[in-house]
Amino acid sequence: MRSVESLIFEKGAPGRRAATMTAMDVPAASLESMVPPSMLRKEPAPLPEVSEIEIVRHYTHLSQRNFGVDTGFYPLGSCTMKYNPKINEDMAVLPGFARIHPLQPDSTVQGAIQLVYELEHYLSEISGMTRVTLQPSAGAHGELTGLMLIKAYHEHNGQGHRNIVLIPDNAHGTNPASATLADYRSVEVKSDPQTGGIDMAHLKALLDANAANIAAIMMTNPNTLGLFDSKVAEIATLVHEVGGQLYYDGANANAVLGITRPGDMGFDVVHFNLHKTCSTPHGGGGPGAGPIGVKEHLVPFLPGPMPAQNEQGYFWEDVGPLSIGKMRANKGNFGVLVRAYTYIRTYGPDGLLHVSQSAILNANYLKHALASDYEIAYPQTCQHEFVATAERQKEEHDVTALDIAKRLLDFGMYAPTIYFPLIVHEAMMIEPTETETRETLDYFVGVMRQIAGEARTNPEIVKTAPHTTPVGRLDQALAARKPNLRWTQGQEGTH
Amino acid sequence: MAKLNHPANLKYSKTDEWVRVDGDEATVGITDYAQDQLGDIVYIELPWNASQSVSAEEKFGDIESVKATSELVSPVSGSITKVNENLKDTPELINDSPYEQGWMFVVKLSDPAELDHLMNATDYLAYLEGR
Numbered sequence: 281m282r283s284v285e286s287l288i289f290e291k292g293a294p295g296r297r298a299a300t301m302t303a304m305d306v307p308a309a310s311l312e313s314m315v316p317p318s319m320l321r322k323e324p325a326p327l328p329e330v331s332e333i334e335i336v337r338h339y340t341h342l343s344q345r346n347f348g349v350d351t352g353f354y355p356l357g358s359c360t361m362k363y364n365p366k367i368n369e370d371m372a373v374l375p376g377f378a379r380i381h382p383l384q385p386d387s388t389v390q391g392a393i394q395l396v397y398e399l400e401h402y403l404s405e406i407s408g409m410t411r412v413t414l415q416p417s418a419g420a421h422g423e424l425t426g427l428m429l430i431k432a433y434h435e436h437n438g439q440g441h442r443n444i445v446l447i448p449d450n451a452h453g454t455n456p457a458s459a460t461l462a463d464y465r466s467v468e469v470k471s472d473p474q475t476g477g478i479d480m481a482h483l484k485a486l487l488d489a490n491a492a493n494i495a496a497i498m499m500t501n502p503n504t505l506g507l508f509d510s511k512v513a514e515i516a517t518l519v520h521e522v523g524g525q526l527y528y529d530g531a532n533a534n535a536v537l538g539i540t541r542p543g544d545m546g547f548d549v550v551h552f553n554l555h556k557t558c559s560t561p562h563g564g565g566g567p568g569a570g571p572i573g574v575k576e577h578l579v580p581f582l583p584g585p586m587p588a589q590n591e592q593g594y595f596w597e598d599v600g601p602l603s604i605g606k607m608r609a610n611k612g613n614f615g616v617l618v619r620a621y622t623y624i625r626t627y628g629p630d631g632l633l634h635v636s637q638s639a640i641l642n643a644n645y646l647k648h649a650l651a652s653d654y655e656i657a658y659p660q661t662c663q664h665e666f667v668a669t670a671e672r673q674k675e676e677h678d679v680t681a682l683d684i685a686k687r688l689l690d691f692g693m694y695a696p697t698i699y700f701p702l703i704v705h706e707a708m709m710i711e712p713t714e715t716e717t718r719e720t721l722d723y724f725v726g727v728m729r730q731i732a733g734e735a736r737t738n739p740e741i742v743k744t745a746p747h748t749t750p751v752g753r754l755d756q757a758l759a760a761r762k763p764n765l766r767w768t769q770g771q772e773g774t775h
Numbered sequence: 016m017a018k019l020n021h022p023a024n025l026k027y028s029k030t031d032e033w034v035r036v037d038g039d040e041a042t043v044g045i046t047d048y049a050q051d052q053l054g055d056i057v058y059i060e061l062p063w064n065a066s067q068s069v070s071a072e073e074k075f076g077d078i079e080s081v082k083a084t085s086e087l088v089s090p091v092s093g094s095i096t097k098v099n100e101n102l103k104d105t106p107e108l109i110n111d112s113p114y115e116q117g118w119m120f121v122v123k124l125s126d127p128a129e130l131d132h133l134m135n136a137t138d139y140l141a142y143l144e145g146r
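Chains A and B, in that order, give the protein sequences. In this text, residue positions in the first sequence follow the working numbering: the first is 281, and each later residue adds one. In this text, residue positions in the second sequence follow the working numbering: the first is 16, and each later residue adds one.
The set of hints was computed from the structure by calculation and includes no laboratory data. Treat each hint with caution, since some may be false.
[Stated by the list, open to error] Under the rule of at most 25 Å between Cα atoms (straight-line distance), these lysine-lysine pairs were calculated in the DSS-like manner:
#: 1; chain 1: B; residue 1: 82; chain 2: B; residue 2: 123
#: 2; chain 1: B; residue 1: 97; chain 2: B; residue 2: 29
#: 3; chain 1: B; residue 1: 123; chain 2: B; residue 2: 97
#: 4; chain 1: A; residue 1: 470; chain 2: B; residue 2: 74
#: 5; chain 1: A; residue 1: 762; chain 2: B; residue 2: 82
#: 6; chain 1: A; residue 1: 743; chain 2: B; residue 2: 82
#: 7; chain 1: A; residue 1: 470; chain 2: B; residue 2: 97
#: 8; chain 1: B; residue 1: 29; chain 2: B; residue 2: 123
#: 9; chain 1: B; residue 1: 74; chain 2: A; residue 2: 674
[As the list claims (entries may be wrong)] Listing some non-contacts, in silico: residues in chain B with all C-beta distances to chain A over 12 Å:
#: 10; residue: 38
#: 11; residue: 56
#: 12; residue: 63
#: 13; residue: 64
Predicted model only: the values in this text are computed from it and were never measured. From the three backbone atoms N, C-alpha and C, an ideal C-beta is built for every residue, glycine too.
Given these sequences and hints, build the entire structure.
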């Protein structure tokens, strides 16, 4: 085990510098003569005083602590941690894409507008929608945009009183959060314990009781159990009959590329997570992109400007008076869009179909292989992910999903999503993605079986894991109850 | 469920709250099963100002654990007479002692007949088994 890396503030010595300035060749002026006394520091800022090699080693060590899909297997369910092909990066740094300004005249950035124009059309084709805005900066931002579009549509039709958004009990937490942010009330729809899809009787009861007030239903399909809701066409009919709209959470779109389309299922609004489905970088809080696709009746409400083409070339076209307005400054996270465009062009239609087929095959391979040692919440054929559980391990050996997740880290792999969806006890949501090799999947299965064996014979090694990481098991309850977010000088290292 | 404790003298709701009736007042908290499912509780939002009212089957607060955030749903209606202020800084009392130190509020019942809709310990255990 490597020792804990100290903070840059804890390194160095007074007076040590990484660079030495040459002597000044202009007259010196005192700070006091230039800055009002009220704005001057009373004491010097406690900046690190370190040599260049200390700086380089410090940040190199930190970078080596990073774990990502470039370093190991990352089966984090519903996050689609697929490999990000390096050709995406090559394209994104081309000067014609990287060294332009969003406010440059259209005539000087024809290629960039063409890329956005074509990406919109690819995403429309993939999702079966009429038009797509590329402005939203992430999935949840897209959700908010989509709900605002639905709201604007209802208000335009004199249906502004509609205030309820139906959300299944296995939905991503962002769905109710976005509904609340859009000033809607979210109402939970139960799922059917047999099929894992929406409980149709409960849906019908909710629609009957609230018919005049249903604004929309938000669905993820396949849902977070990794199951495709085959009742979706009937759900679409029922919701449309009471005047509601259908919102498709695209978080799990990695299962449907080229196989089916949200537009064909009856959805009115779709969001994409380009950082999931289209292999743009993931994590670190962004930048991401959560484009929103809509059917014809919602097009007038889209944010603008939108990319367009005429005989002079490509240009940014202003949108009409019904638009909800800009959701973001300028044209969206363009660098992310270049990567997504590259991904789609690299694979093409047949390749994207193969992506989803492989993602589904890999998930079913893992599900089948793990079924001997772990409970599988829904044993039927899954889509791109599935939910295994630690119910057996907890019941028999008091080893929990959290313990198993921590133990996986000892084997150089990231953990699945745990304790989600909330309707499955001791859930471990596993999504291998299409990019992993058979060898990697087999290694994961071997480790998971070993951990199940340890739970039986040596549960302590699982309950106290991880053992090989730079720091061991952290007290996450204490960290949440009494967060210590700020280092102060003289503070003892509390590692 | 063997090691979890669900005392016979309490009433239970389907949303895993317990009620201890004392004359026209009742004390409310969450069950041992609920705290066990939530895991380490790190934060709770209650109607801290007593004299607020709660309604049966309506949300009265939020509880956050290392696993999830959940709504707290009142099993009874009435006006709150006491809130457990200790939970502000030490929400772990709910994990350690769900029926004693982890109580959440005391309410003056406005409709005692609502208690008939709640389960006894035997029925609650059967309900949990069926989940």
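ask   = So which hints don't hold here, by number, going up?
value = Of the numbered hints given earlier, those the structure breaks are 1, 7, 9 and 11, listed in rising order.
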